[in-house]
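Engineer: Knowing the structure of chain X, use the given hints to seat chains W, Y and Z on it.
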Amino acid sequence: MKILYFSWIKDKLGKSEENIILQEQIKTVEQLVIFLQNKNDIYKDIFKDNKIIKVSINMEVSNFKDSISDQDEIAFFPPMTGG
Amino acid sequence: MKILYFSWIKDKLGKSEENIILQEQIKTVEQLVIFLQNKNDIYKDIFKDNKIIKVSINMEVSNFKDSISDQDEIAFFPPMTGG
Amino acid sequence: MISVQKNNFSINEELSKLKIKYNNIGAISNFIGIVRDKSKQSNLVSMTLEHYPGMAEKMLTEIENQALSRWNLIGSTIIHRYGELFPGDQIVLVITASEHRKDAVESCHFIIDWLKTKGPFWKYEKTNRAGFWVEAKETDKKEELKWKT
Amino acid sequence: MISVQKNNFSINEELSKLKIKYNNIGAISNFIGIVRDKSKQSNLVSMTLEHYPGMAEKMLTEIENQALSRWNLIGSTIIHRYGELFPGDQIVLVITASEHRKDAVESCHFIIDWLKTKGPFWKYEKTNRAGFWVEAKETDKKEELKWKT
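Residue numbers (this note's numbering), protein chains in the order written: chain X, 153 to 235; chain W, 153 to 235; chain Y, 12 to 160; chain Z, 12 to 160.
Treat the hints as calculated values from the structure; they're not laboratory data.
Even glycine gets a Cβ: it sits at the ideal position worked out from N, Cα and C.
Treat the hints with care, as some may be off.
[To be verified] Label-pair ranges, simulated between beta-carbon atoms:
| hint | chain 1 | residue 1 | chain 2 | residue 2 | range |
| --- | --- | --- | --- | --- | --- |
| 1 | Z | Lys-32 | X | Ser-219 | 38 to 46 Å |
| 2 | W | Glu-169 | Y | Leu-79 | 31 to 39 Å |
| 3 | W | Ile-204 | Z | Gln-16 | 24 to 32 Å |
| 4 | X | Glu-176 | Z | Asn-23 | 50 to 58 Å |
| 5 | W | Asp-201 | Z | Asp-48 | 28 to 36 Å |
Looking at chain X on its own, in the form it has when it is part of the complex:
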């Protein structure tokens, strides 16, 4: 699974994307976030307040409760500031 990071999330992580192999028990974005938080404190810190982070699944703005699969492209970003 490809995960992309934007804005300050990318800066904090020091990377703009990563590829992970999605473990079978991870079925939702929420579960993916917990998996990432267990990796290290940087992720823990970034996702400590989910409300300010948005997620997209295959370039579609989505909810943390939504289902994901290994073929999906997930992205985490703060609220957009286009225009």
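Structural biologist: For chains W, Y and Z alone, kept in the frame of chain X given last:
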């Protein structure tokens, strides 16, 4: 007193302006209109329905009840269609 | 800046003037009115804009001042042409510039609505069949009224 | 037409393209977003626009389609830049063209409100003191919500 006419009012009258000497008893736009209507049938026809004609006094959109004096510039026109 | 003129205008030139004159512009809205190819039924040959010289300038200045007092604007431009114009020709240009978009967008909308019912201009359309004075639309009056607050 | 690009754009060129492509345009609204000279407190050195390639194009297409379905538009253009931009540089261009002004004016307003909260772009401001990611404004969310009808 200078009177200006615009749009179809000008076309019907065949003139875009005229100068008249305001008779003392004419104190309002309404009275001026009656004076003009008494001149001939073209004026009578033009002003037969006041509601579709607007008036300005010294370039200020005004009402038919408003007072006028011989120094004023009066204009009659249909609703504006700028922009 | 307001102008009532016979000549055409260049939106690029007008934008440049504003950008040279003022600092810290973050948002520019503008509106261009254009002579359409078609009148109600038939093809348009030309549209002649009659105006009330003196009053036109006065009214445009008034509306610009109202916009400047109601919104936080850095600068604005209103240009209205008169004379005989042809399909595709530019009629009117409204530019509003502000720090944040809301001021520019709303004031531009306000000015153009206002011009429709308060700008002392009258339009004569010539088609290949006939010529007639364009009547004011009731809907334009309604559009203008929504700004009365 | 939508475009997500690093290069600058010319409003005149974009207007010409629309006018060549389509007939009977009577009203054109447009909005230009520009990098301001000042950040909240201090002078701005540059603003870097990060974007989500692919999703940015997808979202711009979506908003353009929404505008085309909600208003009676003849044509439209949305151009959004990314990369490092400097004070006075153009960021975004929205053009909407219609027969009558209401459609052009409202849809342009709609698109720019929508871009603020739904365009996958993030702004990094560098001032002479520091650098920081611009936070989304609560008011932008409110502006966007007024179009939900």
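Engineer: State for each hint whether it applies.
Structural biologist: Against the structure, the hints:
In this structure, Lys-32(Z) and Ser-219(X) meet the distance hint of 38 to 46 Å, their C-beta atoms being roughly 43 Å apart. Between Glu-169(W) and Leu-79(Y) the C-beta distance comes to about 33 Å, which sits within the given range of 31 to 39 Å. At about 52 Å, the beta-carbon gap between Ile-204(W) and Gln-16(Z) misses the expected band of 24 to 32 Å. For Glu-176(X) and Asn-23(Z), the hinted distance range of 50 to 58 Å is satisfied, since their beta carbons lie about 57 Å from each other.
Separated by about 56 Å at the C-beta atoms, Asp-201(W) and Asp-48(Z) break the suggested range of 28 to 36 Å.
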